[in-house]
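> Residues per chain, in single letters:
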Amino acid sequence: MDAIVIGGGHNGLVAAATLARQGHRVGVFEQRGQFGGVADGLLHDTQSFSPEVVSDLNLCPHGLKLQDPAPVFVPSREGHGLLLHRDPDLAAEELGPDAEPYRNWRAFLDRVLPFARAQLDRTAPDVRGNASLWPLMKTGMAFRRLGKKDIHELLRVGPACVDDYLSEWFTSPLLKTALAAPALHGTFMGSRSPTSTATLLLHEAQVSKEVVGGALALVGSLVKACRAGGVELQAGAEVRRIRVEGGRAVGVELADGSSVDAGTVLSCIGPRRTLLDLVAPEQLPVGTAGHIRKVRVRGTLARLTLKLSGPIEYACRPGFAPERSLVGEHPLDLERAFDHVKHRRMPTDPPLDIRQSGGEASVLVRCAPFQLEGGWTDARRSELTESVLASLERYAPEVRSIATVTETLTPADLAQRYGLEGGHEMHGELALDQLGPMRPGLELSRHLTSIEGLFCGSAGIHPGGGISGRPGRLAARAAQQG
Amino acid sequence: MATLGSEQNPWDAIVIGGGHNGLTSAAYLARAGRKVLVLERRHLVGGASVTEEIYPGFKYTVCSYVVSLLRPWIIRDLELSKHGLRMVPLECSYTPQLDGPGLCRWADPDLTRQEIRRLSPRDADTYPEFGKLMGKLARFAKPFIDEIAPDPTSFKPSDFLQLKRAADRFRSLGDDLTALQFKLTTMGGVDFLREFFESDQLIAPMSCSGIIGTMLGVNSPGTAYVLLHHYMGEIDGSSRAWAFPVGGTGAVSEAIASSARSFGAEIRTEAAVSQMRIKNGRATGVVLEGGEEIAARSVVSGCDPRLTFLGLVGREHLPGDFATSIERYKNRGSSGKVNIALDRFPEFAHRPGIGPHVTGDVAIAPSTDYLETAFDEAKYGTFSRRPFINVVFPSLLDRGMAPPGKHVMSCFVQYAPYDLASGAETWPEHREAFGDAVVDTLAEYMPTLKEDILHRQVLSPWDIQEQMGITEGNIFHGELGLEQLLFQRPVAGWARFKTPIDGLWLGSSGAHPGGGIMGAPGALAAKEMLKAGAV
Chain B
0 MDAIVIGGGH NGLVAAATLA RQGHRVGVFE QRGQFGGVAD GLLHDTQSFS
50 PEVVSDLNLC PHGLKLQDPA PVFVPSREGH GLLLHRDPDL AAEELGPDAE
100 PYRNWRAFLD RVLPFARAQL DRTAPDVRGN ASLWPLMKTG MAFRRLGKKD
150 IHELLRVGPA CVDDYLSEWF TSPLLKTALA APALHGTFMG SRSPTSTATL
200 LLHEAQVSKE VVGGALALVG SLVKACRAGG VELQAGAEVR RIRVEGGRAV
250 GVELADGSSV DAGTVLSCIG PRRTLLDLVA PEQLPVGTAG HIRKVRVRGT
300 LARLTLKLSG PIEYACRPGF APERSLVGEH PLDLERAFDH VKHRRMPTDP
350 PLDIRQSGGE ASVLVRCAPF QLEGGWTDAR RSELTESVLA SLERYAPEVR
400 SIATVTETLT PADLAQRYGL EGGHEMHGEL ALDQLGPMRP GLELSRHLTS
450 IEGLFCGSAG IHPGGGISGR PGRLAARAAQ QG
Chain Y
0 MATLGSEQNP WDAIVIGGGH NGLTSAAYLA RAGRKVLVLE RRHLVGGASV
50 TEEIYPGFKY TVCSYVVSLL RPWIIRDLEL SKHGLRMVPL ECSYTPQLDG
100 PGLCRWADPD LTRQEIRRLS PRDADTYPEF GKLMGKLARF AKPFIDEIAP
150 DPTSFKPSDF LQLKRAADRF RSLGDDLTAL QFKLTTMGGV DFLREFFESD
200 QLIAPMSCSG IIGTMLGVNS PGTAYVLLHH YMGEIDGSSR AWAFPVGGTG
250 AVSEAIASSA RSFGAEIRTE AAVSQMRIKN GRATGVVLEG GEEIAARSVV
300 SGCDPRLTFL GLVGREHLPG DFATSIERYK NRGSSGKVNI ALDRFPEFAH
350 RPGIGPHVTG DVAIAPSTDY LETAFDEAKY GTFSRRPFIN VVFPSLLDRG
400 MAPPGKHVMS CFVQYAPYDL ASGAETWPEH REAFGDAVVD TLAEYMPTLK
450 EDILHRQVLS PWDIQEQMGI TEGNIFHGEL GLEQLLFQRP VAGWARFKTP
500 IDGLWLGSSG AHPGGGIMGA PGALAAKEML KAGAV
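Taken in order, these protein sequences are the chains called B and Y. For the record, in the first sequence the residue sitting at position 248 is 247 according to numbering that gives the first Met the number 0, with numbers rising by one throughout. For the record, in the second sequence the residue sitting at position 232 is 231 according to numbering that gives the first Met the number 0, with numbers rising by one throughout.
These aren't lab readings, by the way, just hints derived from the structure by calculation. Note that the coordinates shown come from a computational prediction; the quantities given were computed from them, not determined experimentally. All C-beta atoms in this analysis are idealised placements derived from N, C-alpha and C, irrespective of residue type, glycine included. Among these hints, one or two may not hold up.
[To be verified] If you anchor each label on the Cβ, the simulated ranges turn out as follows: (1) B:LYS147 <-> Y:GLU315: 18 to 28 Å; (2) B:LEU135 <-> Y:LYS135: 17 to 27 Å; (3) B:GLY78 <-> Y:ASP98: 45 to 55 Å; (4) B:ARG127 <-> Y:PRO142: 17 to 27 Å; (5) Y:ARG85 <-> B:THR347: 49 to 59 Å.
[Claimed, not checked] In silico DSS-like links for lysine-lysine, alpha-carbon gap of 30 Å or less: (6) B:LYS148 <-> Y:LYS155; (7) Y:LYS182 <-> Y:LYS378; (8) Y:LYS378 <-> B:LYS137.
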């Protein structure tokens, strides 16, 4: 084999398919019995998936269909809730006095986000002392082309908290909550945390089309793309160790004791597991292990799966069953939820991120602390289930009569099932010091390691993200360049 | 010849506000031979840097209470030692615990290591290493507070050169320090410290520096960089020191005032400016309450940006974008002050006696959770029931602050949010309850405290606004968040002390490089005015 990809999550599949398209013989080793990682239905938003990957891998002929992201419904206890479309024209009617500011805000984003998007689709700049200054200056010049006014605005608002920032634009708490909630995904922040505006902009920069059929359909087409390229996909194959000889990766050793040789090893599991568990410590330069251990991976994600006998409807808008909805009607609800996380408490009235279709609903809770005081047990899992249903019931009083909880996954369960360190779905919190060249450190952010032939390409590496495929694509490109 | 200040014979410069920055501007301008008038609303100069005998025989450092970043070059230029400035370095920073001896961090590093060793041997070994790293980063950062902040969007060669120098300095740090600098500027204080230390009892007091004067918690991103200030302070050439000025912080203002007078500046107290005189978009002087008009070629404001622009200038004279930016500028006072006169020294339960451990500052910061919880309450509009308190006993550092055998105690308290849920204007109804929360908290550590109190003065941010004229009582004239620092203080493009009103300059803590008794904004503003030939 020319290349081995460790981990068959969406980034691993993207990396494998990318290398295969260049004519390399590639094998993917996935520990679980199925491919896709957290894209197996755990995370349900596909709107951040990279259009570059879609076109590079020519996914559309492999059955991928894209559509504009479905609008999000935010129920309220008074009034009629808010159905928010991204398109300001479609959103106008529901937004009332915020319609015009919303249009202006989207126009601002359309001006400034192409710059951010371009950074997400390329390798992080090298800011190390011995690196050439030229690429950095080019990025700097591109940034300056945004113009003084927009740059000043970005530098002013980036460090601010998302609640303050959105309040400068909008009056409706429902609108602010709808926009703020996704900005906090994968972070360890609340709506009052400084720098959450930066993650809002980062989120907005990633959003484009969503995949028809959701994450499972996406994984299906990635698997097809891999097969079309001749990639050897092995499920239930756990890599136990990366074999390094003379400072060079030469293959992997599997849990069953067998060895596979390859000149290139591309790890698409988290950087901590890759370098701390799979590589022998003496193969790493002094200090690297210490750096990697400092990466903050405090997971906050939990999920309930509901089987529905009828669609979830909200009392504020009877007869309407939105595909996507967000429970939580004020930015401070997001902050209070984070207070629980911070103090390692079980959430009460947690904000929820719900997607329903075909008699099932997936309910994501993003304020369940991995490091819950006293630890996660079966009893605490039931407590979480109850807390989520109670929160939902405030807006959808009938929910208990139509829904059966088929599964509750706590952050500890996620860590177990998906091999996520800290239960963190992005292998590392999104924070200014863990982004760009700092994700997860000055060297690794460029997808390279100090071991020749070993590359990293999970969401723990620049540019991070949910189901985006970007780190996998960039890692494959780094591997091609050697 | 017409009187000075008339239309025919205007002052070269008027300084609005006799706070320490206003006085510094005046001293620098007068030193350059300009005719300068300082107008102060109160009966004494100093602004938030005053010493007052609120209770007979006891001198309170009413607002600010220690000095750390007062620039050495200002002390030299203005000959402040000659004008009576004397500093006593703080020898210890004591964090008591309810159930144990707590932690003393001494000026002597060996003693500190011994103390930390009780909590964690590993932390004791890391502590000096950490100090060295921070010292290196402080040297990188220091030039930023002594010069104008370069604008990264500017194409001017001077900005470019300044940025290039900073970039070169940055790259010369080496990769590990580059990464560390990045973390320091963006991370929360606690997260940053946890990369080095394991003991919460050590991390908690260290993380406090990041929250002072802000409406942020010790975990909030962006609070780590203030840790550097501890490694930047230099009093009389010895770095890393906090000091108490003999006579209280008012003595700093008095020394600067005396220096300004010696250079020929005139200082008028009880002269409240009610508005700026603006003709054809140009500041031509000021109008006092009572109607008196005083003409000047230029005006320097030592007041905060909100008061200066929206209060004294008026929105109608400002470009719309600029006015909006000032409206968005975050003041958000978050701290109060409780000053207490004591019949005798209230000893600490677990470290009794009047030993060296109380001759520095005492921080009520028993754990990071305690601090974060204090912030959580403030976020939703109430003062912290168990607040972070920074206590100094000025009478132990300067016997002249209280009658023999008696003491004064200065308590800086956070959080006391200006915006109470019931409205900022309801502070007078909550003031004493806030004072009680502070005394109750302290009494847990100092069991005899309540019996020892002769008098107490409680200042909420509302009171600081009403008495000192600082908008929302923010001690730094605006939050020291990343978005309100350097070239963005107070507004991007207007961080060079010049304002959109010709002839009006801003030289207060609301200008670069910001708050604390530093003097730099006042001095840099005056230097810019002279350089630009504006005065």
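> Any of the earlier hints contradicted here, and which numbers?
The structure conflicts with hint 8 only, although it agrees with all the remaining ones.
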